[in-house]
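Residues per chain, in single letters:
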Amino acid sequence: MSVTSAADGIKDVKTPLSDADVALLKAGDRVRISGVIYTARDAAHARLFPLLEKGEQLPVDVKGTIIYYTGPTPPREGDAIGSVGPTTASRMDKFTPALLEAGLKGTIGKGYRGQPVKDALRQYKGVYFGSIGGAGAVLSEFVKKAEVVAYEDLGTEAIRRLEVEGFPAIVLYDCHGGDLYQDGQKQYARG
Amino acid sequence: MREVHVSAITDTIKKLCMEANWNLGSEMLRAFDKALTTERSPAGKQVLQILKQNAEMARTKKIAYCQDTGFTICFVELGQDVHIAGGGLTDAINEGVRQGYKEGYLRASIVKSPFDRVNTGDNTPAVIHVDVVRGSELKLMIMAKGGGCENRSKYTMLTPAAGIEGVKDFVIECVKMAGPDACPPLILGVGVGGTFEKAALLSKKALFREIGSPNPDPTLDALEKELLDRANRLGIGPQGYGGDTTSFGIQILAYPCHITSLPVAVTIECHAHRHKEATL
Numbered sequence: 001m002s003v004t005s006a007a008d009g010i011k012d013v014k015t016p017l018s019d020a021d022v023a024l025l026k027a028g029d030r031v032r033i034s035g036v037i038y039t040a041r042d043a044a045h046a047r048l049f050p051l052l053e054k055g056e057q058l059p060v061d062v063k064g065t066i067i068y069y070t071g072p073t074p075p076r077e078g079d080a081i082g083s084v085g086p087t088t089a090s091r092m093d094k095f096t097p098a099l100l101e102a103g104l105k106g107t108i109g110k111g112y113r114g115q116p117v118k119d120a121l122r123q124y125k126g127v128y129f130g131s132i133g134g135a136g137a138v139l140s141e142f143v144k145k146a147e148v149v150a151y152e153d154l155g156t157e158a159i160r161r162l163e164v165e166g167f168p169a170i171v172l173y174d175c176h177g178g179d180l181y182q183d184g185q186k187q188y189a190r191g
Numbered sequence: 192m193r194e195v196h197v198s199a200i201t202d203t204i205k206k207l208c209m210e211a212n213w214n215l216g217s218e219m220l221r222a223f224d225k226a227l228t229t230e231r232s233p234a235g236k237q238v239l240q241i242l243k244q245n246a247e248m249a250r251t252k253k254i255a256y257c258q259d260t261g262f263t264i265c266f267v268e269l270g271q272d273v274h275i276a277g278g279g280l281t282d283a284i285n286e287g288v289r290q291g292y293k294e295g296y297l298r299a300s301i302v303k304s305p306f307d308r309v310n311t312g313d314n315t316p317a318v319i320h321v322d323v324v325r326g327s328e329l330k331l332m333i334m335a336k337g338g339g340c341e342n343r344s345k346y347t348m349l350t351p352a353a354g355i356e357g358v359k360d361f362v363i364e365c366v367k368m369a370g371p372d373a374c375p376p377l378i379l380g381v382g383v384g385g386t387f388e389k390a391a392l393l394s395k396k397a398l399f400r401e402i403g404s405p406n407p408d409p410t411l412d413a414l415e416k417e418l419l420d421r422a423n424r425l426g427i428g429p430q431g432y433g434g435d436t437t438s439f440g441i442q443i444l445a446y447p448c449h450i451t452s453l454p455v456a457v458t459i460e461c462h463a464h465r466h467k468e469a470t471l
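Chains as they are written, first to last, in this note's numbering: chain A, 1 to 191; chain B, 192 to 471.
What the hints contain is simulated information worked out from the structure, not anything from laboratory work.
Some hints here could point you the wrong way.
[Unchecked claim] So the derived label-pair ranges between C-beta atoms look like this:
id, chain 1, residue 1, chain 2, residue 2, range
1, A, Arg30, B, Arg325, 53 to 63 Å
2, B, Pro351, A, Gln115, 33 to 43 Å
3, B, Pro351, A, Pro50, 43 to 53 Å
4, A, Arg161, B, Ile355, 52 to 62 Å
5, B, Lys359, A, Gly177, 33 to 43 Å
[To be verified] Going by beta-carbon spacing under 10 Å, a handful of chain A positions derived as facing chain B:
id, residue
6, Ser90
7, Gln123
8, Glu157
9, Lys186
10, Arg190
Model, not experiment: these values are computed from the prediction.
Heads up, the beta-carbon is just placed ideally off N, CA and C, and yes, glycines get one too.
For reference, chain A alone in the conformation it holds in the complex (with noise of 0.2 Å):
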């Protein structure tokens, strides 16, 4: 089991996730991740989906995994990398449904996405996190490793895998419908 509920409320999430541990997060709970995950955003989901739709190998098995939506900063000697929060997920929308069926079991990103992510999340059993736009040094204090290990000539948008160590996010889109942006946002609507 990949998904533990830890005393103090936070959920422990380790990859790769199956199906029965996707199912066990629910929208608005707090989660720290830990493992190994993948940045990739527009350029490098612009190459990956060429592939997938010819049914070729991609560089990276995303079976399991979690695909985070970031282009980091520079890291400074001694930093496993820079500055590493999220970028707005809905671009990378038109991508996301194929790579659900392909095994992807999460991304992480900030921001409202499409219907078609949303259904493929129920349908295929994947998750939608969300960490904290802006928050890019403290977030790279999660960030244990990283490497490149595709496209390196896109420079900040490569393909980077990365271990992280209770990386925290909060769970935005579930596998059940649930989505924390419009249950939040309700509760705090003042007319």
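Using the hints provided, position chain B relative to the given structure of chain A.
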């Protein structure tokens, strides 16, 4: 004629780029603290606390507050009695950006062409706006403008009949449309009047005023306060997780306009509100 050498301009821009990205201004730290006294949402409070911590870590470790270290926007006020010596102003500014982003461990986020999308590798070129003013000083104001929030900026051409109510509704609609994508709590720069491009330029320039400071025009000041209250009643909250702090400030600049027009431009800015200035 007072002479300013391009090397001084390059050096200043380099420092401003690094400072802006590492040291969030005290206006923002005050805005975080103020919001913490009114925010009801526990998730919202936690976000604000983490942002404070993030600002502190970026400052002490000299790393970027946000990994999107932005498009460098540079507003220049060039005194008409200044002679720039040793090269071109534009080249000097771009060289400063190049050096600042490299030496400051900042991200290169600019692509050469909107179509082929190959990264220029050094965050150049900057977007530069020059105003020629009286005097013999050279003022350089830079902003590291994030892309996620910029993508939610909007423009509309209202009819004069739509009036101030039309302006208000458009601004609030912009806050709703920006939602969590633009990293709330947001700051809005609003340009009203002028022409299509003038309104857009005003909306950027409006962001340079200190957050929380009054608008010198009492009518605009009242309008800003009303809009801020309305924005913060939407319930979007920090990061869109729900809460009372959707915006830290709405800042308006107005300009005369044509009898047929009521242009309104809204630049959406995130809490990573990074701007610095220097006068040579």
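To see whether the hints hold, each was checked on the structure:
no.	hint	in the structure
1	Arg30(A) / Arg325(B): 53 to 63 Å	holds, 56 Å
2	Pro351(B) / Gln115(A): 33 to 43 Å	holds, 39 Å
3	Pro351(B) / Pro50(A): 43 to 53 Å	holds, 50 Å
4	Arg161(A) / Ile355(B): 52 to 62 Å	holds, 54 Å
5	Lys359(B) / Gly177(A): 33 to 43 Å	holds, 35 Å
6	Ser90	holds, 7 Å
7	Gln123	violated, 24 Å
8	Glu157	holds, 8 Å
9	Lys186	holds, 7 Å
10	Arg190	holds, 4 Å
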